[in-house]
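Colleague: Chain residues, written in single-letter form:
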Amino acid sequence: MSKFSRRDFLKTTAGAAAAGSLGLGGATWSADAFAQGKWTPEKGAKLRVLRWKRFVQGDEDKWLENTKAFTAKTGIEVRVDSEGWEDVRPKAAVAANVGSGPDIIISTFEDAHQYPEKLVDVSDVCNYLGGKYGGWYDVCRDYCVEKGKWIAVPMGCAGNAIVHRLSVMKEAGFSEFPKDTAGFLKLAQAYKAKGMPPGFALGNATGDGNVWCHWLVWSHGGMMVDKKGNVVIASPETEAALNYGKQLYETFVPGTLSWLDPNNNKAFLDGQIGMTANGISVYYAAKNSQDPKIKAMAEDIGHANFPIGPVGKQTELNLFFPMMLFKYSKYPNAAKAYLAFMMEKEQYEPWQQAAIGYVSHPLKAYEKNPLWSSDPKNKPYSDSMKIMLPNGYSGPMGYASAACMADFIMVNMVAEAVSGSKTPKEAMERAKARAERYYKV
Amino acid sequence: MHKLLNNRHFLGLLFMLPAGVLLLVFLTYPLGLGTWLGFTDTKVGRAGIWVGLDNYKFLWGDEVTRLALFNTLFYTFVASVIKFALGLWLALLLNRNLPFKSFFRAVVLLPFIVPTALSALAFWWIYDAQFSVISWTLFKLGLIDRYIDFLGEPWLARLSVIAANIWRGIPFVAICLLAGLQTISPSLYEAAALDGATPWQRFRFVTLPLLTPIIAVVMTFSVLFTFTDFQLIYVITRGGPLNATHLMATLSFQRAISGGSLGEGAAIATAMVPFLLAAILFSYFGLQRRKWQQGGRD
Numbered sequence: 002m003s004k005f006s007r008r009d010f011l012k013t014t015a016g017a018a019a020a021g022s023l024g025l026g027g028a029t030w031s032a033d034a035f036a037q038g039k040w041t042p043e044k045g046a047k048l049r050v051l052r053w054k055r056f057v058q059g060d061e062d063k064w065l066e067n068t069k070a071f072t073a074k075t076g077i078e079v080r081v082d083s084e085g086w087e088d089v090r091p092k093a094a095v096a097a098n099v100g101s102g103p104d105i106i107i108s109t110f111e112d113a114h115q116y117p118e119k120l121v122d123v124s125d126v127c128n129y130l131g132g133k134y135g136g137w138y139d140v141c142r143d144y145c146v147e148k149g150k151w152i153a154v155p156m157g158c159a160g161n162a163i164v165h166r167l168s169v170m171k172e173a174g175f176s177e178f179p180k181d182t183a184g185f186l187k188l189a190q191a192y193k194a195k196g197m198p199p200g201f202a203l204g205n206a207t208g209d210g211n212v213w214c215h216w217l218v219w220s221h222g223g224m225m226v227d228k229k230g231n232v233v234i235a236s237p238e239t240e241a242a243l244n245y246g247k248q249l250y251e252t253f254v255p256g257t258l259s260w261l262d263p264n265n266n267k268a269f270l271d272g273q274i275g276m277t278a279n280g281i282s283v284y285y286a287a288k289n290s291q292d293p294k295i296k297a298m299a300e301d302i303g304h305a306n307f308p309i310g311p312v313g314k315q316t317e318l319n320l321f322f323p324m325m326l327f328k329y330s331k332y333p334n335a336a337k338a339y340l341a342f343m344m345e346k347e348q349y350e351p352w353q354q355a356a357i358g359y360v361s362h363p364l365k366a367y368e369k370n371p372l373w374s375s376d377p378k379n380k381p382y383s384d385s386m387k388i389m390l391p392n393g394y395s396g397p398m399g400y401a402s403a404a405c406m407a408d409f410i411m412v413n414m415v416a417e418a419v420s421g422s423k424t425p426k427e428a429m430e431r432a433k434a435r436a437e438r439y440y441k442v
Numbered sequence: 089m090h091k092l093l094n095n096r097h098f099l100g101l102l103f104m105l106p107a108g109v110l111l112l113v114f115l116t117y118p119l120g121l122g123t124w125l126g127f128t129d130t131k132v133g134r135a136g137i138w139v140g141l142d143n144y145k146f147l148w149g150d151e152v153t154r155l156a157l158f159n160t161l162f163y164t165f166v167a168s169v170i171k172f173a174l175g176l177w178l179a180l181l182l183n184r185n186l187p188f189k190s191f192f193r194a195v196v197l198l199p200f201i202v203p204t205a206l207s208a209l210a211f212w213w214i215y216d217a218q219f220s221v222i223s224w225t226l227f228k229l230g231l232i233d234r235y236i237d238f239l240g241e242p243w244l245a246r247l248s249v250i251a252a253n254i255w256r257g258i259p260f261v262a263i264c265l266l267a268g269l270q271t272i273s274p275s276l277y278e279a280a281a282l283d284g285a286t287p288w289q290r291f292r293f294v295t296l297p298l299l300t301p302i303i304a305v306v307m308t309f310s311v312l313f314t315f316t317d318f319q320l321i322y323v324i325t326r327g328g329p330l331n332a333t334h335l336m337a338t339l340s341f342q343r344a345i346s347g348g349s350l351g352e353g354a355a356i357a358t359a360m361v362p363f364l365l366a367a368i369l370f371s372y373f374g375l376q377r378r379k380w381q382q383g384g385r386d
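First to last, the protein sequences are chains A and B. The numbering of the first sequence is our numbering, which starts it at 2 and goes up by one. The numbering of the second sequence is our numbering, which starts it at 89 and goes up by one.
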């Protein structure tokens with residue numbers, strides 16, 4: 002159970018206390034940034050920001066509060082709009098295409114690589130932040146650096162981890178969550194035997210489906226493309242992954258083939274499944290529920306990183322968020338100032354806390370955010386950026402990797418194979434043919 | 089100038105200009121642009137080059153597209169036929185002198201009035217693998233021993249979304265046909281009755297021929313709406329499971345907007361046009377033929 006609240010945190014950390022408890026005007030604009038004088042806002046600057054709609058309320062509240070603090074500090078008006086995260090991507094694409102829209106768009110995955118020439122070079126912002134806060138995790142460069150230049154500022158990622166019921170695990174005789182895929186399969190079978198089966202989305206679920214299916218294939222050494230972008234999905238490694246997935250699927254609750262993103266949350270909170278993969282939002286929903294039964298469930302929820310497969314290292318895919326500044330913006334300096342401001346410790350850490358860690362940090366220094374140590378259940382999400390692989394691993398990112406994900410090639414392949422509607426070989430060949438179309442460009 | 093303004097032809101053109109501009113800007117241009125995009129490899133944020141029939145060649149060999157085409161035809165055919173049959177039946181019922189006639193007529197329109205996205209959400213819950221009210225009821229009645237996986241089995245999923253489409257589409261067909269029924273003069277029925285026509289004969293030789301022009305229009309629209317359906321699928325299944333419910337429209341969106349292949353998505357959308365044209369032509373040249381309307385045959 003979490004004994005940590007934002008208030009407790011504020012009591013312990015003087016710097017952030019100054020920022021948080023004073024609210025609006027209290028957030029301190031970093032002296033460093035001022036001293037560098039890099040981003041003198043344009044006269045009369047006004048900004049429009051489009052971001053994905055919060056999954057947890059605290060995120061939005063604090064983000065807007067920080068934005069207000071920025072306005073109070075600089076006089077720059079900032080309008081923040083939010084849209085469902087899957088809708089931001091097409092909107093960003095249209096904005097890029099027509100050359101008009103919000104100055105800053107906070108989107109997902111490798112969007113920055115889809116239209117790098119439309120984005121402002123934000124190397125100055127990223128180098129400044131990286132230098133000040135212990136550097137960026139490696140995967141940030143994969144997502145946001147093009148030809149040596151930063152074309153987006155990493156906001157972090159929505160970490161995905163295994164969410165499960167601790168009591169079932171204990172009943173099944175497991176003292177801790179298995180670290181490898183073999184143990185994980187045994188645990189899943191035990192969950193099923195206990196009448197609390199696992200459930201992982203296999204429908205066209207953009208987030209949850211992609212995340213666990215990519216992990217499944219990567220953990221066994223399979224990958225869509227090699228370093229040069231040649232499609233290599235049809236491989237013995239992928240086949241091994243699919244065969245493993247088949248065994249795992251046998252333990253699932255019926256109906257996962259139709260699951261979209263919200264299904265697993267609903268089924269988990271209703272007590273119909275005992276294990277799934279999700280962001281921290283299930284825990285958050287349980288913890289804050291008005292229903293005492295669901296609130297009690299929060300204590301029984303455990304989190305764990307995905308197990309390590311034969312490949313011997315962690316192979317997660319998490320929902321990455323790049324903050325892109327478009328060249329059509331009339332106020333690039335104001336926008337850079339805003340981006341830097343929002344990523345400064347004084348703003349970022351309280352924001353992370355408000356979102357109870359829904360967003361995992363891209364800057365290494367924020368590992369020390371007391372949020373992560375205050376509630377041990379948050380811990381698996383703290384490493385999300387550190388242990389994830391980029392989408393389209395291990396090839397170059399861009400249009401093809403994004404299109405393959407949008408077309409659910411990996412998810413469809415896994416769903417076809419594990420459900421038995423196709424043999425693993427057939428499923429791989431189909432995936433290969435579909436992926437080659439995108440990668441030939 | 090004065091002379092010009094008194095010129096009937098010039099005035100005619102002038103008055104048609106706003107409509108012409110509207111059509112050009114909002115209809116012709118997007119359609120033309122879409123068609124053109126279908127022949128290019130345009131990506132989101134990047135202008136493409138002319139690739140001729142490449143997109144179509146690829147799509148023809150693409151199993152997902154073929155499946156989507158099959159799904160669309162199946163979806164449209166089954167849903168339209170059932171919507172027509174049930175709609176006509178409902179219209180005939182409503183055309184009688186029922187108690188609370190106006191009330192029933194209003195109620196029938198409800199599915200049409202509710203925003204599709206909302207009713208689709210309701211169906212999404214109704215078909216949910218874990219929370220389906222249908223499964224729950226049957227389960228409680230002891231008729232099934234496990235929840236029905238409405239959206240998880242490809243064929244069941246197809247039929248489920250078709251049922252949702254039918255539910256939403258019936259009111260449109262029923263109310264339009266009801267309007268048509270009311271234009272038929274009662275004296276025709278009296279005459280038929282005097283001649284000793286059975287109820288079936290009255291329907292077959294009076295109602296149906298006189299209703300045919302309306303049926304042609306209504307069913308053309310119904311087919312068009314069904315063929316281009318997007319919202320229901322997008323909310324309920326996103327085209328899953330295993331792409332079993334992907335329609336051309338949803339696949340086009342997935343490829344063009346989410347996937348960024350504007351050219352390919354446009355090609356899928358353009359590929360829908362011949363089918364739509366065929367539906368329109370069928371209604372214009374087929375269903376509106378006088379011979380058919382008069383109950384005759386070719």
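Among the clues, some could well be false.
[What the hints assert, rightly or not] Distance condition first, Cα-Cα at most 25 Å in a straight line; then the derived PhoX-like pairs of lysine-lysine:
1) A:Lys92 - A:Lys39
2) B:Lys145 - A:Lys267
3) A:Lys433 - B:Lys228
4) A:Lys187 - A:Lys247
5) A:Lys193 - B:Lys145
6) A:Lys228 - A:Lys314
7) A:Lys119 - A:Lys44
8) A:Lys180 - A:Lys247
9) A:Lys331 - A:Lys365
10) A:Lys195 - A:Lys247
11) A:Lys92 - A:Lys54
12) A:Lys195 - B:Lys145
13) B:Lys189 - A:Lys294
14) A:Lys294 - A:Lys229
15) A:Lys74 - A:Lys228
16) A:Lys441 - B:Lys228
17) A:Lys92 - A:Lys74
18) A:Lys193 - A:Lys39
It should be emphasised that the hints constitute simulated quantities derived from the structure, not laboratory data. Remember, predicted model here, so these are calculated numbers, not experimental data.
Colleague: Taking the hints in turn, state whether each one holds.
Modeller: So, going through the hints one by one against the coordinates:
For the hint pairing lysine 92 of chain A with lysine 39 of chain A, the CA-to-CA distance comes to about 30 Å; that exceeds 25 Å, so the pair is violated. Restraint check: the Cα-Cα separation between lysine 145 of chain B and lysine 267 of chain A comes to about 42 Å, which exceeds 25 Å; the hinted pair is violated. For the proposed pair lysine 433 of chain A and lysine 228 of chain B, the alpha carbon gap of about 45 Å is over 25 Å, so the pair is violated. With a CA separation close to 13 Å, the supplied pair lysine 187 of chain A and lysine 247 of chain A stays within the 25 Å bound.
With a C-alpha separation of about 46 Å, the suggested pairing of lysine 193 of chain A with lysine 145 of chain B is violated against the 25 Å cut-off. With a C-alpha separation of about 18 Å, the suggested pair lysine 228 of chain A and lysine 314 of chain A falls inside the 25 Å cut-off, and the hint holds. For the suggested pair lysine 119 of chain A and lysine 44 of chain A, the alpha carbons sit about 23 Å apart, so the restraint of at most 25 Å is met. For the hint pairing lysine 180 of chain A with lysine 247 of chain A, the CA-to-CA distance comes to about 20 Å; that is within 25 Å, so the pair holds.
For a cut-off of 25 Å, the pair hint linking lysine 331 of chain A to lysine 365 of chain A is broken: about 32 Å separates their Cα positions. For the hint pairing lysine 195 of chain A with lysine 247 of chain A, the CA-to-CA distance comes to about 20 Å; that is within 25 Å, so the pair holds. Distance check on the hinted pair: lysine 92 of chain A and lysine 54 of chain A sit about 13 Å apart at the alpha-carbon level, within 25 Å; holds. Taking the CA atoms of lysine 195 of chain A and lysine 145 of chain B, the gap is near 51 Å; set against the 25 Å cutoff, the hint is violated.
This hinted pair does not check out: lysine 189 of chain B and lysine 294 of chain A have alpha carbons roughly 48 Å apart, beyond 25 Å. Taken as a hint, the lysine 294 of chain A and lysine 229 of chain A pair is broken in the structure, with Cα atoms around 52 Å apart against an allowance of 25 Å. The hinted pair formed by lysine 74 of chain A and lysine 228 of chain A fails the criterion: a straight-line CA distance of about 45 Å is larger than 25 Å. At most 25 Å may separate the alpha-carbon atoms for a hinted pair to count; lysine 441 of chain A and lysine 228 of chain B exceed this at roughly 54 Å.
Among the hinted pairs, lysine 92 of chain A with lysine 74 of chain A is inconsistent with the structure: their alpha-carbon atoms are about 30 Å apart, more than 25 Å. At most 25 Å may separate the alpha-carbon atoms for a hinted pair to count; lysine 193 of chain A and lysine 39 of chain A exceed this at roughly 58 Å.
Checked against the numbered hints given earlier, this structure breaks hints 1, 2, 3, 5, 9, 12, 13, 14, 15, 16, 17, 18; the rest are met.
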